[in-house]
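Q: Chains as they are written, first to last, in the numbering used here: chain A, 1 to 261; chain B, 1 to 261.
All the given hints hold, so there is nothing to weed out.
Same chains, same label: a pair holds when it works inside one copy or across any pair of copies.
SDA-like, lysine to any residue: derived pairs with alpha carbons at most 20 Å apart:
| # | residue 1 | residue 2 |
| --- | --- | --- |
| 1 | K221 | W242 |
| 2 | K258 | Y238 |
| 3 | K259 | G223 |
| 4 | K243 | L163 |
| 5 | K3 | K49 |
| 6 | K104 | A61 |
| 7 | K118 | T217 |
Source of the hints: derived by calculation from the structure; they are not laboratory data. For clarity, every value in this text was computed on a predicted model and none was experimentally measured.
Number of protein chains: 2
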Amino acid sequence: MYKIGLVGAGNVAWHLGIALEKAGHQVINVYSRHWDRAQQLAQALLAAKPTNQLDFSNSEAEIFFIAVTDDALAEVVSKLLVPENSIIAHTSGTHALSLAQKKKTFPAVFYPLQTFTKNKPIDFQNIPICIESNHIESLDKIRTIAQSMSNYVYEINSEKRQLLHLAAIFTCNFSNFLFTIGKDILEKNEMPFELLQNLVNETVQKAFLLSPENAQTGPAKRGDNSIIQKHLSILNQYPSEWKTLYEQFSSQIYNYHKKLT
Amino acid sequence: MYKIGLVGAGNVAWHLGIALEKAGHQVINVYSRHWDRAQQLAQALLAAKPTNQLDFSNSEAEIFFIAVTDDALAEVVSKLLVPENSIIAHTSGTHALSLAQKKKTFPAVFYPLQTFTKNKPIDFQNIPICIESNHIESLDKIRTIAQSMSNYVYEINSEKRQLLHLAAIFTCNFSNFLFTIGKDILEKNEMPFELLQNLVNETVQKAFLLSPENAQTGPAKRGDNSIIQKHLSILNQYPSEWKTLYEQFSSQIYNYHKKLT
Numbered sequence: 001m002y003k004i005g006l007v008g009a010g011n012v013a014w015h016l017g018i019a020l021e022k023a024g025h026q027v028i029n030v031y032s033r034h035w036d037r038a039q040q041l042a043q044a045l046l047a048a049k050p051t052n053q054l055d056f057s058n059s060e061a062e063i064f065f066i067a068v069t070d071d072a073l074a075e076v077v078s079k080l081l082v083p084e085n086s087i088i089a090h091t092s093g094t095h096a097l098s099l100a101q102k103k104k105t106f107p108a109v110f111y112p113l114q115t116f117t118k119n120k121p122i123d124f125q126n127i128p129i130c131i132e133s134n135h136i137e138s139l140d141k142i143r144t145i146a147q148s149m150s151n152y153v154y155e156i157n158s159e160k161r162q163l164l165h166l167a168a169i170f171t172c173n174f175s176n177f178l179f180t181i182g183k184d185i186l187e188k189n190e191m192p193f194e195l196l197q198n199l200v201n202e203t204v205q206k207a208f209l210l211s212p213e214n215a216q217t218g219p220a221k222r223g224d225n226s227i228i229q230k231h232l233s234i235l236n237q238y239p240s241e242w243k244t245l246y247e248q249f250s251s252q253i254y255n256y257h258k259k260l261t
Numbered sequence: 001m002y003k004i005g006l007v008g009a010g011n012v013a014w015h016l017g018i019a020l021e022k023a024g025h026q027v028i029n030v031y032s033r034h035w036d037r038a039q040q041l042a043q044a045l046l047a048a049k050p051t052n053q054l055d056f057s058n059s060e061a062e063i064f065f066i067a068v069t070d071d072a073l074a075e076v077v078s079k080l081l082v083p084e085n086s087i088i089a090h091t092s093g094t095h096a097l098s099l100a101q102k103k104k105t106f107p108a109v110f111y112p113l114q115t116f117t118k119n120k121p122i123d124f125q126n127i128p129i130c131i132e133s134n135h136i137e138s139l140d141k142i143r144t145i146a147q148s149m150s151n152y153v154y155e156i157n158s159e160k161r162q163l164l165h166l167a168a169i170f171t172c173n174f175s176n177f178l179f180t181i182g183k184d185i186l187e188k189n190e191m192p193f194e195l196l197q198n199l200v201n202e203t204v205q206k207a208f209l210l211s212p213e214n215a216q217t218g219p220a221k222r223g224d225n226s227i228i229q230k231h232l233s234i235l236n237q238y239p240s241e242w243k244t245l246y247e248q249f250s251s252q253i254y255n256y257h258k259k260l261t
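All chains, please: the whole structure from these sequences, using the hints.
A: In structure tokens form, the structure reads like this:
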């Protein structure tokens, strides 16, 4: 059981704080720039004190998790005051370990690979947690905490973590925007987005079962130009950027699969 | 219970034939250009005779399902010989009802909205089936068959079906290609694609629970330029088309969500 300081009160901090306590650790400090947000999160935890000051010099916590936006991370770490020999662990997918480096403390990374929404509960057990530190004892402690929360703990260095984050953006963020376009097309024509739910689930299942390159279907892969031309002419009634995406994907899918055969 | 002729022996025909029999119908003819394929599928069914000829003039079937590629559909229908007053139902997402039109027969569309793989069993009960006919009795029969197989039967005209197919291509085909890119980035850096499985599942769940525009996250939505520039510089080591996609998505996501706020 570790005593923990939690810096941040956004989506990641909420889920992280609750999962830490569920795993038996004690979150004793919660920081947010906004007093009321710090207080709200502290209330959801067992024994946490809220604060809007970054001075934890007198805290009993030995590990401080920094769950703030990527933009704010450097400034928050520079202003942070913690006891000597504390571990400072940031939770960013993109930033290097060095961003958590500060005099007389040990840097670490604790990156849960998941998309968090405040009111949607999530089971940490199945979330991959990527950890890193250049200090062996700190890495051991961070690993112990990660393993107490999740079955999937990976030691991954900063360079790889950045690539993992990039892969996640292609796979999840960008796909979600394609879902947005699909939904817009359907709703403009009085059809519900739910029509596609079963097909999306099957697409995802197949991608992980057969691997996505083996699961690819559609007119672009078949090089079925008559269908592609028909779709491009329909797309003239929609935002021109959608047509740009359709053309890009059709030619990239065709070329990718031509190379494979 | 209907007696059915099945024209085609590819993925759609396999799943359709098996689901038809499971729902209590009798597939009595199976056609493929390739005799052995017709025979294989006929063997998987209870009482079907294989053939590589399109002459069904003496068949007892009253409904003929055409499950061939979009390219081949027109030619197959034109060569098809069936008894007078038969229903000819094509299974294409893109082609109009008129493609199933032929003298002295009734045209219909029976489009199961799903991606089929031969050796992966699939539960038809949850697959949306889109039906259409311009002949009331034929539509009734097609509806009866569809409802005997699936809980989700929709009467959708040719124009809307084409738009549904287009939406499915954005949502599923193109997303699957993004999965391919994500997997390639990971595997080139010795990380398994499975790292992303939990995140992809959660992304899909959230898209249908909250709707995709509300579920959008990531640097593009936040307008976080420092991360975007970092990713673009990493992408210089990868196929230039990936960078094109990254730039397109980042600017489209940013603009789409700027308009919403």
